[in-house]
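A.B. asks: Chain residues, written in single-letter form:
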Amino acid sequence: MHTTRDPDGGTEIGTVSEARLLSVLDTAVDGIIVIDEGARILVFNKACERMFGYATEEVVGRNVNMLMSPEHADNHDGYLGNYQRTGHRRIIGIGREVRGRHRDGTLFPIDLSVGEARTPDGRQFIGILRDLTARKDTERRLNELQADLIRLTRISALDEMGSALAHELNQPLTAIMLYLQAVGREFGRAKDAGHTPEADDRANAILEKARREAQRAGSIIQRIRSLVEKRGPERKSVDFNPLVDDAVDLTLMGQDRNVRVVREYGEDLPPVEVDPVQIQQVVVNVLRNAVEAVRGREGPQVIVSTSLDDRHLLLSIEDNGPGIPQDRLADLFQAFKTGKRSGMGLGLAISRTIAQNHGGELLVDPGGDGRGARFVVRLPLRSPEVSERFSDGLAPGRDRTGS
Amino acid sequence: MATIHIIEDDWGVRDALIELVRGFGHTVAAYEDGEAFMRAGTPPPDDVIFVDLGLPGVGGQHVIKWLNGLPVPPRVVAISGRSRGDIEAALRDLPNLTLLRKPLAAEAITPFL
Ligand SMILES: Nc1ncnc2c1ncn2[C@@H]1O[C@H](COP(=O)(O)OP(=O)(O)OP(=O)(O)O)[C@@H](O)[C@H]1O
Ligand SMILES: [Mg+2]
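These protein sequence lines map, in sequence, to chains A and B.
Per numbering that gives the first Met the number 0, the first sequence starts with residue 0, numbered consecutively.
Per numbering that gives the first Met the number 0, the second sequence starts with residue 0, numbered consecutively.
Derived from the structure by calculation, the hints contain no laboratory data.
Please read all numbers here as calculations on a predicted model, not as lab measurements.
Check each hint, because a few of them may be wrong.
Claimed, not checked - These stretches of chain B come out as covered by chain A in the derived footprint (C-beta under 8 Å, 3 or more residues): (1) 8-16; (2) 43-53; (3) 96-103.
Claimed, not checked - Calculated from the model, a selection of chain A residues having no Cβ within reach of chain B, i.e. all distances over 12 Å: (4) 70; (5) 123; (6) 212; (7) 268; (8) 287; (9) 329.
What the hints assert, rightly or not - One side of the interface only, derived from the structure: several residues of chain A facing chain B at Cβ under 8 Å: (10) 61; (11) 174; (12) 262.
The beta-carbon is built from N, C-alpha and C at its ideal position, and this holds for glycine as well.
Build the full structure now, drawing on both the sequences and the hints.
C.D. replies: Shown next as structure tokens:
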């Protein structure tokens, strides 16, 4: 009989409460992992078993980097050592999105937050893990839907532009027919009066112009096609002004010629990294609204201008229409809210989404009281991915695998 | 000799009309818009005027009304690439107008030259 405290008694008691603790941990929905200073796994709960496909016995005592994506696995011991020496935190107390490695080798996204505990046995680190796979799937599905929606509004815009397009193609076709007829006359004359080098040159010059008009017709079709065809998002470094100008031309095809469109493009704008077709889509949507707003009004005018502030490229489209009434303002950017008989109410909703996907914004100054509306598209000079990549050498959520 | 006037804002169509009309040996005067044409003064009665309806600024139909208001109006041929509905709306109060629709048939122009 010992009245003194058995030195092993502590352990005994510890084991009992540890067992209780573990059974509690096993009821947790989130994955819980505890490691020691040497990155050895001490606790691996049931949720983790489901998440990673390992049984607890298979992992306890092993280095936690077996559960990490290769890039992290290699560096993890280094981080841990570095933290213990310098106290510099990479993740502790912060939490971030990282990738886990399933038993079958597949990598999957997890939201990881890490806390630290000082125990008699030394420091321990407790990780809480949430599997983001399902959320990621939803996100991807949403992106796909959004892409479809963007394409749909393009098609709706084109539908409305249908007769305008016919008109636009009419011009080069008309020119071609007239040129060909003119050349035909030159040939007729040559047959009667004999060939002269001058007559041949004249005919050739006309044929060259006819060719140019045919190219013009082709490029109209090409531009339309690039708007309609289904395609994934892309980022390219492009010059802003020509991009805007092109979209303005496209929108004005066959529109009411009485609307004066003033283009005030800022000089020396730096290139911007965007999805060019999407940004053109924004220009088309906002400009179409502006042109529709001034239609039938006195001295209808729209000013399209581009400029630069210290961190953004700005595109402003201002009209001298009636402006937007206060009570329309609240749901202006909501999908399927339209003040028009034939509108789908998608133009602004899509445009704002596109601007935001680029890390930018679509803003409105509603005007009114004699002033028209003004919409401003603001795009960051550096795209969000780029700045993120440079501001943090380690961007766990964006690791590439297999490259 | 009579002059053929062409009022057309599209560069390609305008240039092609100039080539064709010149090929027939006529004198051509071409204008980008209605204002430029009217600034150039009143055309003599035996001139022929080809005018596009969808002009920027003063529309083609206004130019036609202006010409019809002359003591002896010259011959006018309207050209348009618009849909029938748009054209009818533009020409509601201009009956008996000769109208050619784009794309122009190759032989459409020559009878007027
Ligand atoms: N420049 C503007 N001036 C006045 N009202 C505007 C202007 N731009 C948009 N609006 C109002 O906002 C509404 C929503 O615009 P939005 O572009 O989202 O849809 P829509 O133009 O009705 O349809 P669509 O999907 O064909 O673009 C418009 O119906 C109109 O009432
Ligand atoms: Mg719209």
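A.B. asks: Provide an ascending list of the numbers of those earlier hints which the structure does not satisfy.
C.D. replies: 2, 6, 10 and 12
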